[in-house]
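*Asks:* Read off the chains here:
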Amino acid sequence: MTETFLELKDIYKSFGGVQALKGVDLTIRSGEIHCLAGENGSGKSTLIKVISGAHDPSKGEIFIEGQKVSHLSPIQAIEHGIQVIYQDFAIFPNLTVAENIAMNRAVSTGAKMMDWNCARKLALEAMEQIGARMDPDILVENLSVANRQMVAICRTIINDAKLLILDEPTAALTSKEVQKLYTILRCLRDKGIAVMIVDHKLGEVFEIADRLTILRNGEKISTGLIQEYDRKRFVKDLTGRDISESAYVPRTSASEVFRVENLSRKGAFENVSFHIKKGDVLGITGLLDSGRGQIGDALFGIHPAQSGEIFLHGKPIKIRSTADAVKNRIAYVPEDRLTQGLFLDRSIQDNTIAASIKKYFIRGRLDEKIMFQDTKEWIKKIGCVAPSPDPAIRTLSGGNAQKIVIAKWLNTKPALLILNGPTVGVDIGAKYDIHQMLHKLAEQGIGIIVISDDLPELIQNCNSIIIMKNGRIAGTVESSKINETELAEMLSSQ
Amino acid sequence: MKYRIKTFLTTNEMIVVYIIIGLAVLIGLVNPAFNSISTVVNLSRTMLVTLIFAMCEMMVIVSGGIDVSFPAIACLAMIATGNIMLKNQIDNIPVAFIMGALIGASLGALNAILIAIIKMPPLIATLGVSSMTSGATLAIFGAKIITNLPGKLDKLYKVSLYTYTNAEGITYSLTILILIPIFICLLGWLLLKFTMFGRGIYAVGGDIRAARIAGFNVKGILFFVYIFSGTMAGIAGVTYMILMRAADPSVLMGSEMMVIAAVVMGGTRITGGHGTVIGTILGVTLIALVKNNLIMLGVPAHYQTFVVGLIMIIGTSITSLKAKHIANSIKV
Numbered sequence: 001m002t003e004t005f006l007e008l009k010d011i012y013k014s015f016g017g018v019q020a021l022k023g024v025d026l027t028i029r030s031g032e033i034h035c036l037a038g039e040n041g042s043g044k045s046t047l048i049k050v051i052s053g054a055h056d057p058s059k060g061e062i063f064i065e066g067q068k069v070s071h072l073s074p075i076q077a078i079e080h081g082i083q084v085i086y087q088d089f090a091i092f093p094n095l096t097v098a099e100n101i102a103m104n105r106a107v108s109t110g111a112k113m114m115d116w117n118c119a120r121k122l123a124l125e126a127m128e129q130i131g132a133r134m135d136p137d138i139l140v141e142n143l144s145v146a147n148r149q150m151v152a153i154c155r156t157i158i159n160d161a162k163l164l165i166l167d168e169p170t171a172a173l174t175s176k177e178v179q180k181l182y183t184i185l186r187c188l189r190d191k192g193i194a195v196m197i198v199d200h201k202l203g204e205v206f207e208i209a210d211r212l213t214i215l216r217n218g219e220k221i222s223t224g225l226i227q228e229y230d231r232k233r234f235v236k237d238l239t240g241r242d243i244s245e246s247a248y249v250p251r252t253s254a255s256e257v258f259r260v261e262n263l264s265r266k267g268a269f270e271n272v273s274f275h276i277k278k279g280d281v282l283g284i285t286g287l288l289d290s291g292r293g294q295i296g297d298a299l300f301g302i303h304p305a306q307s308g309e310i311f312l313h314g315k316p317i318k319i320r321s322t323a324d325a326v327k328n329r330i331a332y333v334p335e336d337r338l339t340q341g342l343f344l345d346r347s348i349q350d351n352t353i354a355a356s357i358k359k360y361f362i363r364g365r366l367d368e369k370i371m372f373q374d375t376k377e378w379i380k381k382i383g384c385v386a387p388s389p390d391p392a393i394r395t396l397s398g399g400n401a402q403k404i405v406i407a408k409w410l411n412t413k414p415a416l417l418i419l420n421g422p423t424v425g426v427d428i429g430a431k432y433d434i435h436q437m438l439h440k441l442a443e444q445g446i447g448i449i450v451i452s453d454d455l456p457e458l459i460q461n462c463n464s465i466i467i468m469k470n471g472r473i474a475g476t477v478e479s480s481k482i483n484e485t486e487l488a489e490m491l492s493s494q
Numbered sequence: 001m002k003y004r005i006k007t008f009l010t011t012n013e014m015i016v017v018y019i020i021i022g023l024a025v026l027i028g029l030v031n032p033a034f035n036s037i038s039t040v041v042n043l044s045r046t047m048l049v050t051l052i053f054a055m056c057e058m059m060v061i062v063s064g065g066i067d068v069s070f071p072a073i074a075c076l077a078m079i080a081t082g083n084i085m086l087k088n089q090i091d092n093i094p095v096a097f098i099m100g101a102l103i104g105a106s107l108g109a110l111n112a113i114l115i116a117i118i119k120m121p122p123l124i125a126t127l128g129v130s131s132m133t134s135g136a137t138l139a140i141f142g143a144k145i146i147t148n149l150p151g152k153l154d155k156l157y158k159v160s161l162y163t164y165t166n167a168e169g170i171t172y173s174l175t176i177l178i179l180i181p182i183f184i185c186l187l188g189w190l191l192l193k194f195t196m197f198g199r200g201i202y203a204v205g206g207d208i209r210a211a212r213i214a215g216f217n218v219k220g221i222l223f224f225v226y227i228f229s230g231t232m233a234g235i236a237g238v239t240y241m242i243l244m245r246a247a248d249p250s251v252l253m254g255s256e257m258m259v260i261a262a263v264v265m266g267g268t269r270i271t272g273g274h275g276t277v278i279g280t281i282l283g284v285t286l287i288a289l290v291k292n293n294l295i296m297l298g299v300p301a302h303y304q305t306f307v308v309g310l311i312m313i314i315g316t317s318i319t320s321l322k323a324k325h326i327a328n329s330i331k332v
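Heads up: the protein sequence lines correspond to chains A and B, in order. Using UniProt numbering, you'd call the opening residue of the first sequence number 1 and step up by one each time. Using UniProt numbering, you'd call the opening residue of the second sequence number 1 and step up by one each time.
Quick caveat, the hints were computed from the structure, so don't treat them as lab data. Mixed in with the good hints, there may be bad ones.
[Claimed, not checked] Below are the EDC-like pairs computed for lysine to aspartate or glutamate, each with C-alpha atoms no more than 20 Å apart in a straight line: (1) B:K6 to A:D289; (2) B:K6 to A:E177; (3) A:K201 to A:E177; (4) B:K193 to A:D115; (5) A:K358 to A:D336; (6) B:K322 to A:D137; (7) A:K469 to A:D324; (8) B:K322 to A:E141; (9) B:K193 to A:D137; (10) B:K324 to A:E141.
Note that the coordinates shown come from a computational prediction; the quantities given were computed from them, not determined experimentally.
I would like the entire structure built from these sequences, with the hints used as guidance.
*Replies:* The structure is reproduced here in structure tokens:
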């Protein structure tokens, strides 16, 4: 089946004076998995909103199944079989699985009464189709993210979806769940449904997509079968620059920056020992619940270790609280930057100086001028795309927000920087910038620990990688002597 | 199956049932006079108006809002209806209820406009409307209590469904007015459980954005909820007037906290999206039981308020601990 389901021709869309889409063409065929890739601000979400009828394009034509549609409203889009699953799934946590699955259809058919038996039947049928197994009477708030996504997919199925659009569907899934999702998407594709995934993770795109369209700055850069792309072209088209994926080779010297010995915390990790020499970038990885994140939390004093010794520049230190950690110039970029690392509604300036506010306290008051100057400098130094220090963090993309979290800590002149998932939800371009920054910092003699499950990231940036399993160090590898597949095998083996 | 039974036995409703049973057994042991039909009759009389309030409050909370204006609305409906009927020599029961309902509905509509269109936070909007209403009530009708109700209204008080005379010859009668909350509960149950509109109220309370995407008329639903709440408050006011054989412009003020407590005790989550009619009835029963019968346990009068507060805190912390447990537990 290679019929064209949806065709967009020369779509323009502007908001006020800003051109979000500049002449984008897009063709989606029934029975294919089409990947729409683009960095933040490339116009991906605007394009989805045009397809789902939420935005009217300023210019351009839309054809659905060969028919020209002059004005597409959200309801029309649904009637044409276009279904979007947003990142938050738009489901009701307080209702049962069956009700969630059946509800949209009941509303759109104008049903007056709630038919519980019919809802249950529909739900079971839809789950059967995609091979999901859930109790239809359980409340959705009891479900995992992956299963909530299943509910959202089931809902689109009973709405007779012909084009299913998923906005970053793998963002919150474990790798096992991603595989299950892909099986389902392939099954839907084989039934003749057009599937469009919005994604920018390189590995995932190459695994799942049949065809690919890349947007940058509101323009279509390229489109074609996935076979026509290699990693280099993908990255080039996505970011507009050549990004070398060369590994970091440190110039390690003998002087030791940081060392821990037999660090333990009950229920989290046991007997963890490692050391960092000047110039080292140390990676810590492991599956979820392996204790990898807890080590970061412990070293920053959020959930301190109960026993073991910590040495900074050879001197023993005690970390019982975050205040101890800050006093010893340890900085921590937490896993969930939105809730733990940033004040979302405050300005870039407030966030940048948040950890070092004491030094701006001059003669009994805060020196606004120096704060402003410093923030401006940091914005430039770390390559954050922001017009001034004034906008709220909320308005920044994931990559730029993460750069501010890092800037906040660098402003404290840390001796040790711990980054937990430093590039989760960050664009390839910004990711590259962050990695470059880490290399530079390591060379300056700041100890760097990267906690991550992004294996290519670890291999590229760390010179040695600790593998955690069930709270213990299962092994340490030199990243120059290992490739991604081998590392993945080591991770999953018992 | 085992799992089903286990979840059923630990629902919020069942927890309230356990507390009610425990309390009833305790009171019955200490004071055998409690074990009598008269207790049931007295209890239903106490619950009557509270239950009407609780039903509309529950619906509002399920939709993700809150309404603290119903006592003021009920007071205005009561005193205005009483005054207008006396002045114009109207003596008709349906007219009294319709008048009360209309007054309530119009103030409910005001709440709805403030919340659904102007997008004020529900607590602030209804707090403002409450204060305005109670001020206006006193300004227009004065603080005078009307005790000479029109004849037919007054007579309705004496109509009872069931009378019970105990061994000492004291008669307890179950007023016909109890049919009003029973009818409202039945109506609410059917609406919430079996109509798409009712499910829409849950949907809005669960995730307002998702409800909009699903195609619900969110504004319409909010309008209905607040107008319904206002209407029921008006009817409750008239009911209260007949039950007490007097119209008092401020007697119900301050009852909102007790009603909200009863609703939340019954398993309605204050954050919206969760709540049942049965749970609300049970919550109101528990509060009424405590208010009426604590004295039988030998608890001095001024400790009663304390104990009511204590039970509220214990009861609601069970539900919120459960919610927390659900949020933290391993997901399937």
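*Asks:* Compare the structure with the hints numbered earlier in the document and write down the numbers of the violated ones, lowest to highest.
*Replies:* 1, 2, 5, 7
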